[in-house]
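**Q** Read off the chains here:
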Amino acid sequence: MRDLNDVEILLVEDNPHDAEMTLRAFTSHRLANRVHHVTDGSEALAFLFRTGAYAARAASATTRLILLDLKLPKVDGLEVLRRVKSDDRTRMIPVVVLTSSNQEKDIVETYRMGVNSYIIKPVDFDKFVDAVKHLGLYWLLLNRVPGEGGETS
Amino acid sequence: MNPEALQVLIVDDSLTVRMDLEEAFRPAGFNTTLCSTIGEAREALSRGVYALVVLDVLLPDGDGLSLLQEIKTTARSRDIPVLLLSSEAEVEDRIRGLKTGADEYVGKPYNKAYVLARSRELLRARRPDRPAPPGTHVLLIDDSETFRQQLREALEARGFAVAVAPSGEEGLRMAADARPRAVIVDGVMPGIDGATVIRRVRGDAALRTVPCLLLTASEDRGGELRALDAGADSYARKEQDLDVILAKLTAMLRAAGEQPSSDALPSLLGPKRILTVDDSPTYLNALAAHLRGEGYEPILSRSGQEAIDLLAVQIVDCILLDLVMPGLSGHEVCRRIKGTPVWRDIPLIILTAKDDQGAMIDGINAGADDYITKSDDFETLKARLRAQLRRKQYEDENRNIRRELLRKEVEAAEARAARELAETRARLLEEVEAKNRELESFSYSVSHDLRAPLRAIDGFSKILLVEHSQALDTEGKRLLGVVRESVKTMGDLIDDLLEFSRVGRAEMTRSSVVMNALVDSVAREMIGTDSSRVIDFHRADLPEAAGDRAMLRQVVANLLGNAVKYTGPRNPARIEIGARAEGDEIVYFVKDNGVGFEMQYVQKLFGVFQRLHSSREFEGTGVGLALVKRIVERHGGRVWAEGRVGEGSTFFFTLRKDGGSNA
Numbered sequence: 001m002r003d004l005n006d007v008e009i010l011l012v013e014d015n016p017h018d019a020e021m022t023l024r025a026f027t028s029h030r031l032a033n034r035v036h037h038v039t040d041g042s043e044a045l046a047f048l049f050r051t052g053a054y055a056a057r058a059a060s061a062t063t064r065l066i067l068l069d070l071k072l073p074k075v076d077g078l079e080v081l082r083r084v085k086s087d088d089r090t091r092m093i094p095v096v097v098l099t100s101s102n103q104e105k106d107i108v109e110t111y112r113m114g115v116n117s118y119i120i121k122p123v124d125f126d127k128f129v130d131a132v133k134h135l136g137l138y139w140l141l142l143n144r145v146p147g148e149g150g151e152t153s
Numbered sequence: 001m002n003p004e005a006l007q008v009l010i011v012d013d014s015l016t017v018r019m020d021l022e023e024a025f026r027p028a029g030f031n032t033t034l035c036s037t038i039g040e041a042r043e044a045l046s047r048g049v050y051a052l053v054v055l056d057v058l059l060p061d062g063d064g065l066s067l068l069q070e071i072k073t074t075a076r077s078r079d080i081p082v083l084l085l086s087s088e089a090e091v092e093d094r095i096r097g098l099k100t101g102a103d104e105y106v107g108k109p110y111n112k113a114y115v116l117a118r119s120r121e122l123l124r125a126r127r128p129d130r131p132a133p134p135g136t137h138v139l140l141i142d143d144s145e146t147f148r149q150q151l152r153e154a155l156e157a158r159g160f161a162v163a164v165a166p167s168g169e170e171g172l173r174m175a176a177d178a179r180p181r182a183v184i185v186d187g188v189m190p191g192i193d194g195a196t197v198i199r200r201v202r203g204d205a206a207l208r209t210v211p212c213l214l215l216t217a218s219e220d221r222g223g224e225l226r227a228l229d230a231g232a233d234s235y236a237r238k239e240q241d242l243d244v245i246l247a248k249l250t251a252m253l254r255a256a257g258e259q260p261s262s263d264a265l266p267s268l269l270g271p272k273r274i275l276t277v278d279d280s281p282t283y284l285n286a287l288a289a290h291l292r293g294e295g296y297e298p299i300l301s302r303s304g305q306e307a308i309d310l311l312a313v314q315i316v317d318c319i320l321l322d323l324v325m326p327g328l329s330g331h332e333v334c335r336r337i338k339g340t341p342v343w344r345d346i347p348l349i350i351l352t353a354k355d356d357q358g359a360m361i362d363g364i365n366a367g368a369d370d371y372i373t374k375s376d377d378f379e380t381l382k383a384r385l386r387a388q389l390r391r392k393q394y395e396d397e398n399r400n401i402r403r404e405l406l407r408k409e410v411e412a413a414e415a416r417a418a419r420e421l422a423e424t425r426a427r428l429l430e431e432v433e434a435k436n437r438e439l440e441s442f443s444y445s446v447s448h449d450l451r452a453p454l455r456a457i458d459g460f461s462k463i464l465l466v467e468h469s470q471a472l473d474t475e476g477k478r479l480l481g482v483v484r485e486s487v488k489t490m491g492d493l494i495d496d497l498l499e500f501s502r503v504g505r506a507e508m509t510r511s512s513v514v515m516n517a518l519v520d521s522v523a524r525e526m527i528g529t530d531s532s533r534v535i536d537f538h539r540a541d542l543p544e545a546a547g548d549r550a551m552l553r554q555v556v557a558n559l560l561g562n563a564v565k566y567t568g569p570r571n572p573a574r575i576e577i578g579a580r581a582e583g584d585e586i587v588y589f590v591k592d593n594g595v596g597f598e599m600q601y602v603q604k605l606f607g608v609f610q611r612l613h614s615s616r617e618f619e620g621t622g623v624g625l626a627l628v629k630r631i632v633e634r635h636g637g638r639v640w641a642e643g644r645v646g647e648g649s650t651f652f653f654t655l656r657k658d659g660g661s662n663a
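Quick mapping for you: the protein sequence lines, in order, are chains A and B.
Taking this note's numbering, I'd label the letters of the first sequence as residues 1 to 153.
Taking this note's numbering, I'd label the letters of the second sequence as residues 1 to 663.
FYI, nobody ran anything at the bench for these hints, they're computed from the structure.
Ideal placement from N, C-alpha and C gives every residue a C-beta, glycine not left out.
One thing to keep in mind: the hints can contain errors.
Said to hold, decoys possible - 30 Å max Cα-Cα, derived DSBU-like pairs, lysine-lysine:
no.	chain 1	residue 1	chain 2	residue 2
1	A	K71	B	K435
2	A	K105	A	K85
3	B	K462	A	K71
4	B	K338	A	K105
5	B	K488	A	K105
6	B	K435	A	K74
7	B	K392	B	K408
8	B	K462	A	K127
9	B	K462	A	K133
10	A	K127	A	K85
11	B	K477	A	K121
12	B	K99	B	K338
13	B	K435	B	K477
14	A	K127	B	K477
15	B	K338	B	K382
16	B	K72	A	K127
17	A	K85	A	K121
18	A	K121	B	K488
19	B	K462	A	K121
20	A	K127	B	K99
21	A	K105	B	K462
22	B	K591	B	K657
23	B	K488	A	K133
24	B	K565	A	K121
25	B	K565	B	K477
26	B	K488	A	K71
Said to hold, decoys possible - Only part of the chain B face toward chain A is listed, based on derived beta-carbon distances under 7 Å:
no.	residue
27	R451
28	A517
29	S521
Work out the full structure, taking the sequences as your base and the hints as a guide.
**A** Written as structure tokens, this is what we have:
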């Protein structure tokens, strides 16, 4: 069981196939253990704001990146985005929206909610690399050998 | 001499006439200049400014008609109304005078008041609307000069504008000329009395609503009752304080309230022309004298033909027609007059000999409005005449009212229709927009939901290929390849279909598009990137287009993309883009030396999903050209193509120069 305090990337994706492909991409580059996957918006919010099942998460454990799909059950992707961007505790977390087309990207743009970046699904790893580089999150790409423990930063 | 009064030029060689007319015009507020010859008149005209000319036809030094012509052909005097006065009683003289340009023709012996009334009419028609004099306008009719003066001063002191008349007849004429807000009339006068004046006022459409105050003598008890019977709104005794009279006047005006203007209707009391047709000069003259006495202008005609000739140049208010005449019979004249639309409504009274019932019945059958037996008693004739004129007045009034009502109804109906049209249009527009929004969200859903499984097929088949390649033999790999290719095709199809649908609904933003730059930009993307191909691309100087830039870019991209694609087998590929102006359109073309197509299938080219080449030879979904067609048509243009197998194709599209469209 992964230590939830260790998570740096939150993947919010309800489609199991899309999620599987994304996680595979991360696995092949040894980032999978730093990804926590939730399947709906309300769970994403619970994770970020440490409520419900996630009440035990340490306050010091910060999420460094959110990969957010838009069409989600319970709480919608846009609503999650809105909550994240309007709360001081989470506002600075970079959000990469996962869209299924350029058109979708256009639609989200109209909400002007401070989305940092977009990736068109399926998540092509090279594109993902571009996105994190663009966001200045180079350290996310540093490989971590599983089981060695300790942080490199 | 009143410096502000209008000037009238009176030209007649008879001193009596000159004095007589001066006597008529001066008290009515005009200044007069009298001349006895044409020479004098010419002098006067060159020196002074005249509002009206009264001109005798027979003058010692020439024919009045030639002076008339001079007046009407000189710029300076052309617009001055001219009233011809003539002892020449023949109808043909009247016709000649009117045809020469006279504004009115009055025969001698004339009725002074009639001349004055007609002159006023002519002047009123000419001058622009004078603003109403300040203060309420009151007409005072009394034969006593002293009383008139007294009351007028008292009224003017209270801020009223007062017009005075010395007799009932004159008063009625003045009322017809300038409608007063109220009339004060003396009960007892020589000529027609106050009660009659009031009755006549009540009988006139234009004056009906003017409140009237009757002044009665103290001993005349019965006078009060008569006054009220006649329709007076109020009465006062002459001996009473002027203040009482004023108070009653004020009360009367207040009760009357605002009166709508009815200038449109000519007053019954205005001057009337009566055309009398009879072959007996004795009867004509006798009749004329009576008519003149009533204040009408009689026009005497001795034959039916003369009468008809006259009607052609001048309209009259009533026709008195003898039945038995040589030449054109009265019967025939009556039939003709009643058969002519513009004369049909003129009241026509036939004059018959005693006991000639048959002729009388014929006359009525021919359309006459009334008949009268010729006799020495003209009273009946005058009464019938008055009745006919009154009837005609009422008819005109009714017609006016009906027309007004109809106009109002039509206006209201039009306003209703316009409102309904606007409402319907607004509703339809709303419906269309709602449908559009529905379609938009439907397309979005479709695209999003169809893509998800496609992603899975694509992604997982790739994983299979990569991570389980050892489990697949060559054939297995090939089969999987087909699956993956199909997925890609399906993705393209979805994208293209969505684009096609969007273009049909999207709002167009119109601007001026520099085609040179646009084409160059697209060409850079499509041709510049592929170094493996040798493409000889030439763009002629293209005129600017008016339209939606993004959409036009798509058109160019699709056509250029096709040219690049279908010249694949060629080395070098030659692609040319140019344009020429044709009328109010610009015709653009994209020409290539590619594989071409068979002209017999040209109709299918622009259909959705229609392809003339298999996807094995050339990839594509078959939507590209349909997209081009749709965009161009939305811009108000046309598309077409020419091709020869093995030699190449040229695709044409037109855009309107003015940027109009079928949006």
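**Q** Run every hint past the structure and note whether it holds.
**A** Hint check results:
{"no.": "1", "hint": "K71/A with K435/B", "in the structure": "holds, 24 Å"}
{"no.": "2", "hint": "K105/A with K85/A", "in the structure": "holds, 18 Å"}
{"no.": "3", "hint": "K462/B with K71/A", "in the structure": "holds, 25 Å"}
{"no.": "4", "hint": "K338/B with K105/A", "in the structure": "violated, 84 Å"}
{"no.": "5", "hint": "K488/B with K105/A", "in the structure": "holds, 21 Å"}
{"no.": "6", "hint": "K435/B with K74/A", "in the structure": "holds, 28 Å"}
{"no.": "7", "hint": "K392/B with K408/B", "in the structure": "holds, 24 Å"}
{"no.": "8", "hint": "K462/B with K127/A", "in the structure": "holds, 17 Å"}
{"no.": "9", "hint": "K462/B with K133/A", "in the structure": "holds, 26 Å"}
{"no.": "10", "hint": "K127/A with K85/A", "in the structure": "holds, 24 Å"}
{"no.": "11", "hint": "K477/B with K121/A", "in the structure": "holds, 25 Å"}
{"no.": "12", "hint": "K99/B with K338/B", "in the structure": "holds, 24 Å"}
{"no.": "13", "hint": "K435/B with K477/B", "in the structure": "violated, 46 Å"}
{"no.": "14", "hint": "K127/A with K477/B", "in the structure": "holds, 27 Å"}
{"no.": "15", "hint": "K338/B with K382/B", "in the structure": "holds, 22 Å"}
{"no.": "16", "hint": "K72/B with K127/A", "in the structure": "violated, 96 Å"}
{"no.": "17", "hint": "K85/A with K121/A", "in the structure": "holds, 23 Å"}
{"no.": "18", "hint": "K121/A with K488/B", "in the structure": "holds, 14 Å"}
{"no.": "19", "hint": "K462/B with K121/A", "in the structure": "holds, 14 Å"}
{"no.": "20", "hint": "K127/A with K99/B", "in the structure": "violated, 99 Å"}
{"no.": "21", "hint": "K105/A with K462/B", "in the structure": "holds, 25 Å"}
{"no.": "22", "hint": "K591/B with K657/B", "in the structure": "holds, 22 Å"}
{"no.": "23", "hint": "K488/B with K133/A", "in the structure": "holds, 29 Å"}
{"no.": "24", "hint": "K565/B with K121/A", "in the structure": "holds, 28 Å"}
{"no.": "25", "hint": "K565/B with K477/B", "in the structure": "holds, 28 Å"}
{"no.": "26", "hint": "K488/B with K71/A", "in the structure": "holds, 23 Å"}
{"no.": "27", "hint": "R451", "in the structure": "holds, 5 Å"}
{"no.": "28", "hint": "A517", "in the structure": "violated, 24 Å"}
{"no.": "29", "hint": "S521", "in the structure": "violated, 19 Å"}
Violated hints, listed in ascending order, are 4, 13, 16, 20, 28, 29; each of the other numbered hints is respected by the structure.
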